[in-house]
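Student: So you can see what is in the structure, the chains are spelled out below.
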Amino acid sequence: MTGETTSAIVKRCEAIFDDLNFTLAREWKEAEPGRKVIAYMPVYVPRELIHAAGMLPLGIMGGGDNLEVIHGDAYYQSYICRIPRSTIELGVSGRLDFVDGMLFPSICDVIRNLSGMWKMLFPDVYAKYFDVPQTYKDEVGGVFYTNEMREFLHDLEGIAGRKITDDDIRASIEVYNDNRRAINELYALRAKQPWKAPASEAYLVIRAGLVLPVEEHTVLVREYIAAASAQERPLKDNSRVVLTGMFCEQPPLNLLKSLELSGCYIVDDDFILISRWLIGDVPTTGDPVHNLSQAFLHSSMSTAAKYEPDQEEKGQFLVRAVRETGAEGVIFASTSFCDPALLDRPILQNVLKAADIPFIAFKYAENSGQMQPIREQAGTFVDSIKLWSAA
Amino acid sequence: MKPSVVKAQPADVLKDASMLKQKEMMAAHYERLTSAPQAGEKVASTFVPGNLNELIMCFDLVNNLPEVNAIQSGLRKQSGQYIMEAERAGHSEDVCTYVKSDIGMMLKGNIGPNGKELPRPDVLLLSYTGCFTFLKWFELLREQYKCPTIFLQTPYMADGKVTPNMIQYMVKQLKEDVIPTLEEVSGVKFDIDRLREYLKKSAEAEDDLVHILQSGKNKPSPIDAYFGGIYYIGPIFGAFRGTDDAIDYYRFLREEVDERMLKGLGPVTPDGPMGEEKYRLVVEGPPNYTSFRQFWKMFYDEGATVVASSYTKVGGTYDYGFRHDPDRPLESLAEYCLGVYTNRNLPMRIDMLSDYINEYEADGLLINSIKSCNSFSAGQLLIMREVEKRTGKPAAFIETDLVDPRYFSAANVKNRLESYFQMIDQKRGSKGAAA
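Chains as they are written, first to last, in numbering that gives the first Met the number 0: chain Z, 0 to 390; chain U, 0 to 434.
Note that these hints are calculated values from the structure, not bench results.
Below 16 Å or equal to it, Euclidean Cα-Cα: the simulated EDC-like pairs (lysine to aspartate or glutamate) are:
1) U:K174 - Z:E138
2) U:K171 - Z:E138
3) U:K145 - Z:D309
4) U:K277 - U:D300
5) Z:K362 - U:E92
6) U:K188 - U:D176
7) Z:K352 - U:E142
8) Z:K313 - U:E142
9) U:K296 - U:E275
10) U:K174 - Z:D137
11) U:K107 - U:E86
12) U:K392 - U:E358
13) Z:K136 - U:D176
14) U:K171 - Z:D137
15) U:K145 - Z:E312
16) Z:K136 - U:E175
17) U:K160 - Z:E150
18) U:K216 - U:E276
19) U:K145 - Z:E311
A short list of chain Z residues far from chain U (calculated; beta carbon distances all over 10 Å):
20) D165
21) K256
22) L260
23) P282
Ranges between beta-carbon positions, derived for each pair:
24) U:E360 - Z:G157: 35 to 43 Å
25) Z:A353 - U:S34: 34 to 42 Å
26) Z:H70 - U:E360: 32 to 40 Å
27) Z:R180 - U:P179: 39 to 47 Å
28) U:N109 - Z:H297: 33 to 41 Å
29) U:G320 - Z:H289: 32 to 40 Å
All C-beta atoms, glycine included, are put in the ideal place defined by N, C-alpha and C.
Let's have the full structure, built from the sequences with the hints guiding it.
Tutor: Spelled out as structure tokens, the structure:
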């Protein structure tokens, strides 16, 4: 424990967030010869495998609202979301020139096609579309996914120049289990005492884990929890809300702050979903790749990028999130032109209606600057929640 | 009962007889579909890319394709009101307009192109191939219809190759999920020999389709491989692949096209035979359906023929050698799904378009970018630049939508096309001057 205050920790995390040259990751790589960095986009890749290869997994969530996109816009029409264009901007501007590989998870057609564009634009960099099963039977989707992970491991061994053993993977699984435990503790604190750990702070703390080595990040999260728990902050007359739809292109930090200023305690969310993707610990005995596959199939988060085979279960994750956190409503905040979030939204809204949970919806982009309409909408929502609950 | 299709003979009909025959086939299919409940037939809804029509027929199910319904709504100027209906019901303005047209049609009574109500599907065969939206589309339909939904995932051909893991995964899904559920829904036992028979018929029609599409290499091209091509692909991408009707249609069409080729004639347009072929184009992307004729007219008025297109490969890349194989029935269905155009990675798409420009001796590439189709559209600007670089031929970019009339700006598209044709002329002129 360093005894740092929340503001000092948050300041440290914000500096990492603002640094679009990824200085810490560069420094990590330069610290020892032969170190490699493998970047990944939302939503999920098994970082344990990258870590087991002795490499640094680096999360790339687009360029945010501080990156001026000059080249990236030349690659996309106006009706495509912003994250691929700012990611290309990061690439062509040399900000990712230290990255040894780039992973494009199976999330939507835009990120899927970006994997091919990356191959064309950066032919000397390992680029992989990371496919995951959308069917969840062990002998079907499970075998497919296990084989896909083994193929990925083979590629990593080629980049690392060494074998990756099962023990390496088991050790990495344990490290990530611990990281998820810490992050879950942070979410538990937010659900219990949201005034102590505002979402805008928690976001920065969790997001730092996309750049820092996981071991360091786990320590950081626990430091923040300790500092936030110890700090007295006034309890406001806010409403508790669950925020959903932010699983890919990330919100501008100001958006989270604006929601909080308008009277929301954000007690659950789906931003930086990779940090909580696997639910519970992954076993550290037995075949580690099989264990990761099992965790993905049977114990992972629900999101719009995943197929839900059971109609009765569709959208229930959101109802559970509301019930478990004591939330009073849901805010659908989706990125403009986001197929998964926007196509899913009407179904989820019907589920909430059936469960008598109020909601509102708006769209944003990672570089949205005008927060006044969102603040007004959210403020009105909060007021109406209070009126309803009073009735 | 399946209605019989009128068998037209080349000698008895005018030059565009194949189009009439195709329309008769489609009309007969819609009659069968809308009368399915009365006839005691069950209905399977599925998608064009990854359409497993041969398998569906093995269970005596009638194939219903929501994409084709949306296209029909677009051609009949119905889709605009359907889309707005869906948006009023909470669907975003940003998403696929096929989906919204389909949902809106459902909300307004689900009236098909023949003016009769389309039946509720007995099963949704979610063949997830090359388009993420499919996954959500059938989740949306499942919510409404509450019928069994079968999921078949086709892995993306991200590295430009089909791996054994991909094939094994798909065959397992077919064996363990798709076939047993279809048996359960239909009450019909799966017969692999029946499937083999259908696949054999598919391959026969596929041979003729490839001959027809590759006739675009001739000068002048006897076909328009985009606007005309949409008629040509209708039966084989839809409910007719694997049938005798498809074999008859493609043989008939082949003879018609061969005859035009022998006479040195171009394609038949809605305004009659095409005049002089001035421009030969390769087109990437789907067309706009709400102003289909107007859009086509902008091409043939200028003497522009599309000699090859990527859109006619969304239901199979037969010209690259794939044929349904009765000796490897399930593996063959898997390979079919894996190979469809939108399941191919960007480098493969670039290779294909560049090859088309060279092999069909085209003047350039035109991209019709669709506002609400990320599967096609994301990456098209890079495709354009890369194809231009590789072939040295000019490329152009226009933007429309599939079935949303609000996104078809005729004046804008026409201006861009005219500028593009001028660009081709200048390129030719500069080559002539250089020589």
